[in-house]
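**Q** Based on these hints, arrange chain V on the given structure of chain W.
Those protein sequences? They're chains W and V, same order as listed.
If you read the first sequence in the UniProt record's numbering, its first letter stands for residue 1, the second for the next number, and so on.
If you read the second sequence in the UniProt record's numbering, its first letter stands for residue 1, the second for the next number, and so on.
Simulated from the structure, these hints should not be mistaken for laboratory data.
Hints may be right or wrong, so weigh each one.
To be verified - Not close to chain V: a few residues of chain W, all C-beta gaps over 12 Å, as computed: (1) Ala2; (2) Thr38; (3) Ile52; (4) Leu57; (5) Ser60; (6) Leu71; (7) Ala78; (8) Ala85; (9) Thr96; (10) Ser142; (11) Trp144; (12) Phe169.
What the hints assert, rightly or not - 27 Å max Cα-Cα, derived DSS-like pairs, lysine-lysine: (13) Lys111/V <-> Lys6/V; (14) Lys82/W <-> Lys111/V; (15) Lys147/V <-> Lys82/W.
As the list claims (entries may be wrong) - With the Cβ distance kept under 7 Å, some of the chain V side facing chain W (calculated, not the full set): (16) Asn71; (17) Gly72; (18) Val73; (19) Asp93; (20) Thr98; (21) Glu100; (22) Pro108; (23) Pro193; (24) Asn216; (25) Val223; (26) Lys226; (27) Gly227; (28) Ala238.
Note that the Cβ used here is the ideal one computed from N, Cα and C, for glycine as well.
Listed below, chain by chain, are the residues.
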Amino acid sequence: MAVTGAVLVLFLVGHMLGNLKIFLGAEEFNDYAEWLRTVGAPAVPGRTLLTITEIVLVVSVALHMWSAISLARRAVRARPVKYAARRRSQASGYATRTMRYGGVIIVLFVIWHLLDMTFGVVNPEGGDATPYARMVAGFQPSRWWITLFYLVALVMVGLHLRHGLWSAFQTLGLARRRRALKAGAAVVSAVLVLGFVAAPVAIMIGVVK
Amino acid sequence: MNLTLKVWRQNGPSDKGRMVTYRVEDVSPDMSFLEMLDVLNERLILEGDDPVAFDHDCREGICGMCGMVINGVAHGEQRATTTCQLHMRHFEDGATVTIEPWRAAPFPVVKDLVVDRSAFDRIIQAGGFVSVPAGSAPDAHAVPVPKEDADAAFDAATCIGCGACVAACPNGSASLFAAAKITHLGLLPQGQPERDSRARAMVEQMDAEGFGGCTNTGECTAVCPKGIPLDAIARMNADYLRSATR
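With the rest of the complex left out, here is chain W (with noise of 0.2 Å):
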């Protein structure tokens, strides 16, 4: 779980620096989708970088995926017998319990946001469009509520973060001082989350054309 949320995360802050050059204009967005795709050349063929990346997140996505459902498998087996009443947790955390199905939301967002961003199946623009127009045409005031959806996903992710981030150091055993770990996982979180948040609310309500 640990190493491999750690490189989805890492992923998710490069996605985001990624996403905020929408802000630059379209020229620099493109420019930038472009050299994503073109980065070493000639050295080496187009899209290394791209694929190297999306090899490392099918890998990653799968074990962490595994991961949690074999955890999940072994709580059931550890406990055949439930409790009468009511578990009532005594941990503060609202975070922690929503892994296992905020994890679901997060999986069937990404394949939604593939085929709107990467594969342009269900954008208005279609795949062929610049990267720029998929994206402003994505989240067009008119299509509210999939900008809704977004949104919904991206607080998901934040609160999977939330616990994730913390939570992996301490199964590494690298947490010594718990309490700042657990700020430190909160601001990124929170920072991640108002990174992604930006382009989509930004198109919605105009400034970004």
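**A** Below, chain V alone, put in the same frame as chain W:
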């Protein structure tokens, strides 16, 4: 005070078990939870019924024998308290109280509220010890231990092995229990020679017993009557990873 109790009754390990409702009257707020159950049991015996079986020994919060899930919380809602030290003044007159045994596959119910916690003994046997030359007691200052380490080791050593951590964990994990012993011994010079093998053996035994995996929910430390901190689990993980890389 008068209370309505919903108590788990199970005749033996193979019985299916069920919740049974009892009324308990004239409970003093100064009684401990176990004394309240004693009152119920005296009545049940007089009426010719089978008394409710529950584990208990010292009744002063240090032996780790007692423990039941009260209203869905291991040892009840009072923090850092064993069931025997939980007093009836924390309950409202006329309240309904649900009482269940620890629920975990490695803790099979023996009878009613009594569970078999031998799995914990086997985890300790796997590595929760230090091998030292026996003989006359060494001088107290023969092996210097920094004050901070001594304090932290002592805090971890206060684990009484009651099993509340397992009962509260949504994953049914025994990590806090194993981690407390690994922390206790791993912080002291006497525990260093076996530090790697201890972590590996105890974690493997824990898994073999059928406990779940830790997902750092923190439920264990919240119900722990001794307040063993979650840091212990980080230390266990560190020692385990260290043993795996050697």
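**Q** Need the list of violated hint numbers for this structure, in ascending order.
**A** Violated: hints 1, 6, 7, 8, 9, 12, 15, 19, 22, 23, 26 and 27.
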